[in-house]
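**Q** Going line by line, the protein sequences match chains F and R. Under this note's numbering, the letters of the first sequence match residues 1 to 471, in that order. Under this note's numbering, the letters of the second sequence match residues 472 to 781, in that order.
Derived by calculation from the structure, the hints in this document are not laboratory data. On a predicted model such as this, the values are computed, not experimentally measured, just so you know. C-beta atoms are modelled at their ideal positions from N, C-alpha and C, and glycine is treated no differently. It cannot be assumed that every hint is accurate.
[Claimed, not checked] As a list, the in silico EDC-like pairs of lysine to aspartate or glutamate whose alpha-carbon atoms are at most 20 angstroms apart:
#1 F:K410 <-> R:E588
#2 F:K279 <-> F:E220
#3 F:K410 <-> R:D645
[Unchecked claim] FRET-style restraints, in silico, Cβ to Cβ:
#4 F:E417 <-> R:G776: 46 to 52 angstroms
#5 F:T58 <-> R:D512: 24 to 30 angstroms
#6 R:D512 <-> F:T28: 33 to 39 angstroms
#7 R:D766 <-> F:A74: 53 to 59 angstroms
#8 R:E522 <-> F:R45: 40 to 46 angstroms
#9 F:R27 <-> R:G761: 33 to 39 angstroms
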Amino acid sequence: MSEPPHRRRAHARSSDLERYAGLFAERTRVMRSSAMRDLMAVTARPDVISLAGGLPDTSTFPPQTFAAQMTRIAQESAAEALQYGPTEGFRETVDCILEVMGAEGMLPDPDDVIVTTGGQQAIDLICKTLVDPGDAVICEAPTYPGAIPVFCSYQADTIQIECDSEGMRIDELEATLERLDTEGRRPKLIYSVPTFQNPAGVTMSLERRRRLVELARSRELLVVEDNPYGLLRFSGEPLPPLYQLDGGDFVIYIGTFSKILSPGIRLGWAVAPPPVMEKVVLGKQAADLCTSTLTQYFVREYFAGGIWQGYVESLAEIYRGRRDAMLGALRRYFPPQASWTEPEGGLFVWATLPPYIDTSDLLAKALRDDVAFVPGQAAYVDGRGRNSMRLNFSAGKEDEIREGIRRIGKVVAEQVELYGALTRDGTDPHMPAGEAEDMGGIDSPSNPSPSISDSSEADSTVIPFRKAEGA
Amino acid sequence: MKVAVLKGGRSLERGVSLRSGARVEDALERLGHEVLPLEADGELVKRLLDERPDVAFVAMHGRGGEDGTTQELLEILGIPFTGPGVAACARCIDKVLAKHELRGAGVPTPDWFAFNETAFRELGAADALGGLEERLGFPLVVKPSRGGSALGVKFAESWFDVPEALVSAFSYDDRVLLERFVEGRELAVSVLGGEALPVVEAIPREGDSYDFEARYEIGRTSFICPAQLSETESAAVIEAALAAYRALGCSGFSRVDLILAADGPQVLEVNAIPGLTDTSLLPQAAEAAGISFEDLVGRILELAGAPARA
Numbered sequence: 001m002s003e004p005p006h007r008r009r010a011h012a013r014s015s016d017l018e019r020y021a022g023l024f025a026e027r028t029r030v031m032r033s034s035a036m037r038d039l040m041a042v043t044a045r046p047d048v049i050s051l052a053g054g055l056p057d058t059s060t061f062p063p064q065t066f067a068a069q070m071t072r073i074a075q076e077s078a079a080e081a082l083q084y085g086p087t088e089g090f091r092e093t094v095d096c097i098l099e100v101m102g103a104e105g106m107l108p109d110p111d112d113v114i115v116t117t118g119g120q121q122a123i124d125l126i127c128k129t130l131v132d133p134g135d136a137v138i139c140e141a142p143t144y145p146g147a148i149p150v151f152c153s154y155q156a157d158t159i160q161i162e163c164d165s166e167g168m169r170i171d172e173l174e175a176t177l178e179r180l181d182t183e184g185r186r187p188k189l190i191y192s193v194p195t196f197q198n199p200a201g202v203t204m205s206l207e208r209r210r211r212l213v214e215l216a217r218s219r220e221l222l223v224v225e226d227n228p229y230g231l232l233r234f235s236g237e238p239l240p241p242l243y244q245l246d247g248g249d250f251v252i253y254i255g256t257f258s259k260i261l262s263p264g265i266r267l268g269w270a271v272a273p274p275p276v277m278e279k280v281v282l283g284k285q286a287a288d289l290c291t292s293t294l295t296q297y298f299v300r301e302y303f304a305g306g307i308w309q310g311y312v313e314s315l316a317e318i319y320r321g322r323r324d325a326m327l328g329a330l331r332r333y334f335p336p337q338a339s340w341t342e343p344e345g346g347l348f349v350w351a352t353l354p355p356y357i358d359t360s361d362l363l364a365k366a367l368r369d370d371v372a373f374v375p376g377q378a379a380y381v382d383g384r385g386r387n388s389m390r391l392n393f394s395a396g397k398e399d400e401i402r403e404g405i406r407r408i409g410k411v412v413a414e415q416v417e418l419y420g421a422l423t424r425d426g427t428d429p430h431m432p433a434g435e436a437e438d439m440g441g442i443d444s445p446s447n448p449s450p451s452i453s454d455s456s457e458a459d460s461t462v463i464p465f466r467k468a469e470g471a
Numbered sequence: 472m473k474v475a476v477l478k479g480g481r482s483l484e485r486g487v488s489l490r491s492g493a494r495v496e497d498a499l500e501r502l503g504h505e506v507l508p509l510e511a512d513g514e515l516v517k518r519l520l521d522e523r524p525d526v527a528f529v530a531m532h533g534r535g536g537e538d539g540t541t542q543e544l545l546e547i548l549g550i551p552f553t554g555p556g557v558a559a560c561a562r563c564i565d566k567v568l569a570k571h572e573l574r575g576a577g578v579p580t581p582d583w584f585a586f587n588e589t590a591f592r593e594l595g596a597a598d599a600l601g602g603l604e605e606r607l608g609f610p611l612v613v614k615p616s617r618g619g620s621a622l623g624v625k626f627a628e629s630w631f632d633v634p635e636a637l638v639s640a641f642s643y644d645d646r647v648l649l650e651r652f653v654e655g656r657e658l659a660v661s662v663l664g665g666e667a668l669p670v671v672e673a674i675p676r677e678g679d680s681y682d683f684e685a686r687y688e689i690g691r692t693s694f695i696c697p698a699q700l701s702e703t704e705s706a707a708v709i710e711a712a713l714a715a716y717r718a719l720g721c722s723g724f725s726r727v728d729l730i731l732a733a734d735g736p737q738v739l740e741v742n743a744i745p746g747l748t749d750t751s752l753l754p755q756a757a758e759a760a761g762i763s764f765e766d767l768v769g770r771i772l773e774l775a776g777a778p779a780r781a
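The following block holds chain R by itself, in its conformation from the complex (with noise of 0.2 angstroms):
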């Protein structure tokens, strides 16, 4: 079978969409499918219509490609795709609106106040801003709306860092949410065609949970697969975790972030397609359960309606 990867674009996440579509497209040839890389670029759709694959592997990450940008294109060339369909990439990109579904839907989520730039540049919003201590409390945390990874997400330990967090996170989309800090065990469950797949923990090493950038450098947080939980806990994540995978209608495959706090698990948001580098957490768990990268990247296949192997 003939399978596109599509890979890079313009995002912030360029660089793990290179790693990740260079890993898949080597288990796709290991898998004996001709593989099509495709950089998304000017060039992305005259490629499509002239190679014509049979399906289209997205392993993009960010805007243009997890946003549903990409698969809405796929969509008008009749060309079947990897991972979720456009609306579900549509919410996930979106923290504030996937919050917004996933309290519709009575899956737990952190309380938070949403801006646009608008709210402050023409109505004034910041003198609402007071209100915040009141709602949702120090510490908070500061994230554009739309963004990956930990760029632009800072935390406000008081009043007197908002405004600055505010501009940092506003420098990756023209939306940005407050949220509520909830303090407890950082936890990636991955979804693989509707099913979990064993819970990851991050676990800072240097011990400063304020510090986001840490997260995802490698020997500053260590990640534990499976993550140690008792049986009642595990239970509790997994259903928040498949609870909100659908809400948001994914399918294929995705991961859901979370935090275990004391008294239950929150959702933090959902990655539509999460990183498959060497070094990304969906890998780790299908690893935990047994399935091989090559096997991961065929079960993804099948998902999408395309047989595994050649």
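In isolation and in its complexed conformation, chain F is listed as follows (with noise of 0.2 angstroms):
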């Protein structure tokens, strides 16, 4: 019986996955998926306002725009953007990316940049430079999402610093980095996402920034810096990235065109001192040999027209407005129990509900409202994060976000009034008032389930902390 080409492979039998099951590497058993994983599958579904996301907006990207640069490309330089490129990207593409990088006052040397299938890759090379199983690598409590998977498979130790509103709380790396010393271990890279973090959306303060960077420094350790959202700023003073408080010498710098132009495109970039650029050229060179020349094509054609930091600032304008729109409706309709951050810039918003609730059960009941958001635990390794949520304000219109929230709110009053009745008491004994600073990193050191690896819920950023009016 011949099958049409295009048919699913009749599915493996049990006994086969089994056999396969053999031959899988020892890194794919910290690859998990979970009850979550089914959870997220819910949230696709169409009649679903999904704050769960990480996609910026690329609905006001001129048509004519992208007409036009492609059509530019076809008839000009057809068979050079249809060719095999430089492992490290073309000269023309870092010129814009030391634009990009200019504008936020940083000024690399273009040797050390290399052009990477999106800022994803450029965290996967360099963990694949740097990271061997069991080594220990540490982030911020709670991380990108996106980075788990990423740690994970390169079996990585993942050590979670806690986060405040200043970022990272540099006393606790210090203690951790003490601790590893008298262990005798000397952590591969410490991954921060200083502005605008995803996913809790808070800023490293410039106090911070600089203790970072001096540690870095008299330890000899490895900064890596991911920056996909410093230009999209709405308020306040920007403050300097660390690779240039600290030169580029210790501190390894991972930016994107993701939010600034697509995410489509799939165009990000590392720079790295030469000794680690030329281990990751070698690791791009194994994964894809370059990254697409045609969308390389794309940002030079698309910068030459002089428009992109317009545009930037049209994209930053749009959601300032969206994140007014969801801070003042969790003002609104969330329980005082209810803290979240309150971001300058970037793309989520991080709150937490008082540790009784369960953020995982709470999407299921939420879901049934048509809403979503991540639970917190997709950020933490550890199983922490239990009763916080991230929550973005970039992908959806600004009534969208205001309804997403409305919902929201309704099932976590319900879960709050519910918790009061159980406990004959109206008060929640976990949480007195003061304690709303918390990121969500407490409760309970249970079952490691990194598991969110969608690109849609990968992607995401930070802001600063507030108590919920009347809390």
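Each chain sits in its own coordinate frame; assemble them with the hints.
**A** Here's what the structure looks like:
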């Protein structure tokens, strides 16, 4: 019996699965699926208002500009744009990157830059270059959910350092480094999203930035600064990136065009000291030879138009309105027991609920009202974050965001009321006033289940904390 | 024959259902049937009326598909369907109702108490929780009455864990049960046309039997089929499983989950429409009995009164 060629291969039988299982690499054991993944599958239903994704708004990019640029590429550079390119990327793309980094005050040596397939590949290549199984990797708590599967797939021992409203707690970092010292271990890298962090929305203060950079320098440790959102600032004064403070000796920088132009073109970059870069280039060669030539041509054309900064500003303006809509709705619809960050830029708000609410379970309830968010657990390797959630404000329109928050607020209020009835006490014994600064890093250390790896949920941002009105 | 495969829906087990459905579609095609894949959405009834399939293969799990709703619709439309009927589905999906039926029929099931949200919100049921320790003892398991897989199932080691576990369980249903925790081997007996297939045993790899989520993750639990049981054990387990299947009025196929404790088997629940994905237990059990997935699908069709092959 012949099958149509497009048909899915007949599914493996269970005995086959066992046969394959014997072939799986040890590292796949830490790539877990979980009940939460099933929940996230439901968030993709079309009738759901999803505050779960990390999608930038691409709807305002002018189609005529897009069409004109692609036409010009086809007419003038078809053969080159369809050909392989250098592993490091085109020099012209690097020039665009220098422009973007220059806008945030950085002046890297063009030879230190590699063009990657999105910022995500840069994280992967850096880990591939530095991390052996069992090596310590340090990151924030909570951290970018999309970085967790990368750390896991290289079998890193991931250690998360608590964040507060000023970003990563450097005192806790120092204590951790001391402890590792006594164990004779040196962490391979310290991963941070210092500006408008994904998922918490917080921004590392200038003082902590300086301390982090000094710490890296004095201990000769590598900091990986992931900065997808730096240019999407709505309020407050810009802070110097870690890369600028350090000068590029002990800070590896990751940037991306995803949030300032398009995630679909899959263009990101890394900047690293030459000895590290040499290895990263070899890793990149093994992974995919080179980044898409066609989209590099697109970025080159687009930047030649000289309008990229105006477009980023227009995006920031749209996101500012959406952030305000979300914060307003949170104040209006979330109960006083909840707290959340107030980001000065980026794409995300991080909300923390009383510790007796598990946001994975809450998501199941919220989905009955057709609304979704990312449960905080996705941003931790150790089961913490169970009472927090990440809320995205870049993807939806303002009225959708308000309606989404209203629906989530309703189910949260129901849970709070129910717990009150269960304990015969309307107040929450776990959460005395003033504990709202906690980013959700409380709670039981239990089963690790890093899980969300969908690109739509993987990308995220940061914000400062603020207790709900009346709390 | 024209076979509609009903899948998807709005339940939390939508993802599993889509995988079950896709696999069933493949098998039906190989059996020579005309396959009509149908997503269970607002267009479902209209499409069933337009297409008039000879039989419907219900590959839906959880609410909407496994609770009798879809089955009722199919009855009204006069379309024969696979798996248990309306009443059996309604009993199985509701663990509390199922446990009452089991107990009434003399099938062993762990002691429990059930509460609905109103009891706590309006009747002050919290004051009755004090009796739990005496009646059930700790540890105990808190579950939503209607819920699939491990979602919302929490283990309460002490009194202190109970309110939080209840809040979680109430996220999935307005009725929850608190069940005595029974220590023992975790077994699943798939029943096909009233006969038991080889027993599957689930063994958590990391030794944490309290981590319910782990049970559903490949690599964290190993499944052994057929389970290593003595003849007496095997007979007792199968007897309990078949008794549960009958007590709840199942037909076609179903899966009975139970614990084999020191003093014999205790039935936890019956899944009216268990998963049919490549990692699901029913197909695994069928295979251990020498029944390929294709034959399994064919047999399920026959049990619905339709020919296995076109």
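**Q** Range first: 33 to 39 angstroms. Now tell me if the beta carbons of D512 of chain R and T28 of chain F are that far apart.
**A** 35 angstroms, holds
**Q** When you take the CB atoms of T58 of chain F and D512 of chain R, is the distance between them in 24 to 30 angstroms?
**A** 27 angstroms, holds
**Q** Verify the CB-CB distance for R27 of chain F and G761 of chain R against the hinted window 33 to 39 angstroms.
**A** 36 angstroms, holds
**Q** Do the alpha carbons of K410 of chain F and E588 of chain R lie within 20 angstroms of each other, as the hint requires?
**A** 16 angstroms, holds
**Q** Mind checking the hinted window 53 to 59 angstroms against the Cβ distance between D766 of chain R and A74 of chain F?
**A** 54 angstroms, holds
**Q** How does the Cβ-Cβ distance of E417 of chain F and G776 of chain R compare with 46 to 52 angstroms: does it lie in that range?
**A** 49 angstroms, holds
**Q** Quick one, are K410 of chain F and D645 of chain R close enough, alpha carbons at most 20 angstroms?
**A** 16 angstroms, holds
**Q** Verify the CB-CB distance for E522 of chain R and R45 of chain F against the hinted window 40 to 46 angstroms.
**A** 23 angstroms, violated
**Q** Are K279 of chain F and E220 of chain F close enough, with their CA atoms no more than 20 angstroms apart?
**A** 18 angstroms, holds
When held up to the earlier numbered hints, the structure conflicts with hint 8 and nothing else.
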